[in-house]
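Given chain A, work out where chain B should sit, using these hints.
Each chain is listed here by its residues.
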Amino acid sequence: MDESVRNLNEGVMGWAKFYRKGWNYFAFAMHRFSGLVIVFYLYLHLFVLSHLLSGPVTYNELVKTVTFGPFDSFLVLDVLLALVIFYHGANGTRLALNEFGIGLQKNKAMFIVFEAIAMVILGVFLYYAYMFIGAS
Amino acid sequence: MENENKYGITKRPMGSISRMFQAGSGLFLIFFLGVHLYVAHIDFGHPVQFFNQVIQNLRNPWWLLFFIVFVWIITYHALNGVGNIVKDTNIGEKGRSYLNIALIVIYFATSIYGTILSIVVAGMAI
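First to last, the protein sequences are chains A and B.
The opening residue of the first sequence carries number 4 in the numbering used here; numbering runs sequentially from there.
The opening residue of the second sequence carries number 37 in the numbering used here; numbering runs sequentially from there.
Straight line, CA to CA, 20 Å or less: simulated DMTMM-like cross-link-like pairs of lysine to aspartate or glutamate: (1) LYS24(A) / ASP124(B); (2) LYS67(A) / ASP81(A); (3) LYS20(A) / ASP124(B).
Label-pair restraints from in silico Cβ distances: (4) PHE57(B) / TYR46(A): 20 to 28 Å; (5) GLN108(A) / GLN92(B): 46 to 54 Å; (6) ARG55(B) / ILE120(A): 20 to 28 Å; (7) GLY128(B) / LYS109(A): 32 to 40 Å.
These are computed hints drawn from the structure, not numbers from a lab.
All C-beta atoms, glycine included, are put in the ideal place defined by N, C-alpha and C.
The shape of chain A in the complex, shown without the other chains (with noise of 0.2 Å):
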């Protein structure tokens, strides 16, 4: 049987089988799988910003709680979601560009090269973002 048919066939699970399967693979599995992370976060951002409705002291104590936690340890959550957002933007930007016909001759030196950038710019984001940690 045909490779990619095969692949087809194994369904949602075959995403985590990267063995042998290459780089190009993995950036495909990681792809998807932190996609379906955001649009999980994408509705939690809509739940969240609903309770605006609510009043400031409604809206501020939950902002507080999701974004900081107990012993702050939400933060945690908050560094793994940037990071999956990082990624994906940086290899969803090489698809995107593979897309118009640029770089498809290239896409391993691009696919390093865009998240190597990717996590530079996240590194910076996350020092200013949370050097104002105690602020109020």
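The following block gives chain B in isolation, referenced to the frame of chain A:
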């Protein structure tokens, strides 16, 4: 079938247009999300925006328009992506039709709700 390739997979003329829109909306979102992250998490000296800052931001009609367009584009990109993932799982032609209808309904429900929420919140008192 007429549109099937040698693997029995149906070729879809709209597939390439859908992929183009997905790529184009994705590139827009890099810009939108970059601005959003800067404005919401860095620009004002605190890692999260509280009630007053959100309202002040949305009272500017340009920011309001920015966020409404952001909601419409990100929802399209997100739901189109979810649709592509589900369609890779052999759900059949009927399943695809139901999925498309469901995604369109969710798209308009989310986008309209996001738009109304933005406008109502922009009009709230600080």
